[in-house]
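Go ahead and model the full structure; you've got the sequences and the hints to work with.
Number of protein chains: 6
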Amino acid sequence: MIYLSKTLTFSASHRIYNPNLSDEDNQRIFKNCANPHGHGHNFTLEVVVRGKINPDTGYVIDLKDLKQIIQKEIIDLVDHKNLNIDVKELNGIIPTSENLLMVF
Amino acid sequence: MIYLSKTLTFSASHRIYNPNLSDEDNQRIFKNCANPHGHGHNFTLEVVVRGKINPDTGYVIDLKDLKQIIQKEIIDLVDHKNLNIDVKELNGIIPTSENLLMVF
Amino acid sequence: MIYLSKTLTFSASHRIYNPNLSDEDNQRIFKNCANPHGHGHNFTLEVVVRGKINPDTGYVIDLKDLKQIIQKEIIDLVDHKNLNIDVKELNGIIPTSENLLMVF
Amino acid sequence: MIYLSKTLTFSASHRIYNPNLSDEDNQRIFKNCANPHGHGHNFTLEVVVRGKINPDTGYVIDLKDLKQIIQKEIIDLVDHKNLNIDVKELNGIIPTSENLLMVF
Amino acid sequence: MIYLSKTLTFSASHRIYNPNLSDEDNQRIFKNCANPHGHGHNFTLEVVVRGKINPDTGYVIDLKDLKQIIQKEIIDLVDHKNLNIDVKELNGIIPTSENLLMVF
Amino acid sequence: MIYLSKTLTFSASHRIYNPNLSDEDNQRIFKNCANPHGHGHNFTLEVVVRGKINPDTGYVIDLKDLKQIIQKEIIDLVDHKNLNIDVKELNGIIPTSENLLMVF
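So the protein sequences, as listed, match chains Z, B, E, G, Y and X. Each residue of the first sequence is one higher than the one before, starting from 313 at the first, in this note's numbering. Each residue of the second sequence is one higher than the one before, starting from 313 at the first, in this note's numbering. Each residue of the third sequence is one higher than the one before, starting from 313 at the first, in this note's numbering. Each residue of the fourth sequence is one higher than the one before, starting from 313 at the first, in this note's numbering. Each residue of the fifth sequence is one higher than the one before, starting from 313 at the first, in this note's numbering. Each residue of the sixth sequence is one higher than the one before, starting from 313 at the first, in this note's numbering.
Simulated from the structure, these hints should not be mistaken for laboratory data. Nothing false has been slipped in among the hints.
One copy or two, it doesn't matter: identical chains are merged, so the pair holds either way.
In silico DSS-like pairs for lysine-lysine, Cα to Cα no more than 30 Å straight-line:
no.	residue 1	residue 2
1	343	376
2	384	400
3	364	318
4	384	318
5	343	364
6	379	343
7	343	384
8	364	376
As the structure is a prediction and not an experimental result, all values here were calculated from the model.
Below, the structure written as structure tokens:
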């Protein structure tokens, strides 16, 4: 089995806070990540796929195809977006990196 | 003369738009950078200083001191902030990287 | 004045040899770079532009536009090509990195 | 058990095409990777070894020795070569990265 | 389960030699790593932790907390130190990277 | 004119202190860089050369030759050395990066 990885980046803003907690608790737990008007990052997403080599092509998957799949299924949904407001898949979810991994 | 550089990063959100233009013009000119709820980046700031070597220390400037100066004078003002709302030095200025260089 | 840089990469093959010299001289001067069937690299091209900030946009130039210009004027001519055979701008020129800089 | 990794690079050219398919199929499947005169890359090879620490040396293996082994057994065979023509281990094999991993 | 990693660096000096061996054997086995007055490196330490997401925070662990733990438990003990002399945890141990992993 | 750069690294230990000052002053000025048994770094040296292209080779200078010159004239003198003790060119000089630039 061969493992292939493709890494893409996207740029988004977010605010890390839990609406079920008080402002004071949010500030104490999340510190400046809870600043009210948000902040942002360049996020790096690495996707690893596993498979057998296709004997006709010598490829597990064409990396150009893998890039297009990741672009369409994930990057286009979150790039240049506000993760708290603009992404319906993240509705009701604190947009930490860990939760992004669970959703996508 | 010796040149020394120190590179720090900060994380902030911004929206690139010009309030003197229509929404349509902003969308045409700035594309997804004008998305209404903003997005964000990790910004990288490299500061280069020039000077003579102090013969008592062998330093132009202690890089730990240079780091503290940049941290206090610039990074603390913009890190984990919304550049359109939270930074009074950027009041009335489109927060592009170019304009950040001019202001700070 | 503000300096902006954009870095793109391309992948190409080349053989470094001078047809006006003997095979022995080519081997002595260029060593394994003169291997007869060629070899290849990922080349990195950094373009730096200088200009004033447009007060309407806060940009010197939109980096997306700069990327498209470099892509069309240079990268599309050399990417996934054999620099000794496929690029008419390099006809009769030893395809070293230095000569690539002079031609493009 | 300790894992050690050593990363080396080599520069080579290749053409991705399957001689059992038509030129049209090669162009459709492999796109510009099938360009007739080839192209090239800097390839990065990471080798991971696993072992116990030798109590006399504190080493699993001296990384200088590991580097020499990888250099002699793999890098010298492919560096500054045309992978379709110059490497007898790759005779009859489409020189994709996946197939390079299987052969070496 | 989610895996999180945090990478920190430290700067230290060491000499790789085994006091149970002769100077000649140390020189033969460890080469210039056994130079008598030592040398040094910037060491890179990556710590990977595994855990479940805390539903109240969206974090496995706050990376700022993880950084502080690594800083206090490991980095403060070895940074800007001579690993052969200054670190009591390494007393009697050849300070190779492998042995550093076993001790900390 | 073409500018070419070559970057090499070396590993060395040093202690930053001024023997003309008291131990207290050294500790105050240089902090943990003055720790008595030294520490170390991987140093990165970038050499930039400027020249015209030789029309017979397409090179300003063969980078393999430039690498050998830097290796012999600088790297071999400082790599895996204690910069306070082992390098006669640095005799009586505080081995800061700035002073290394002035000496070599």
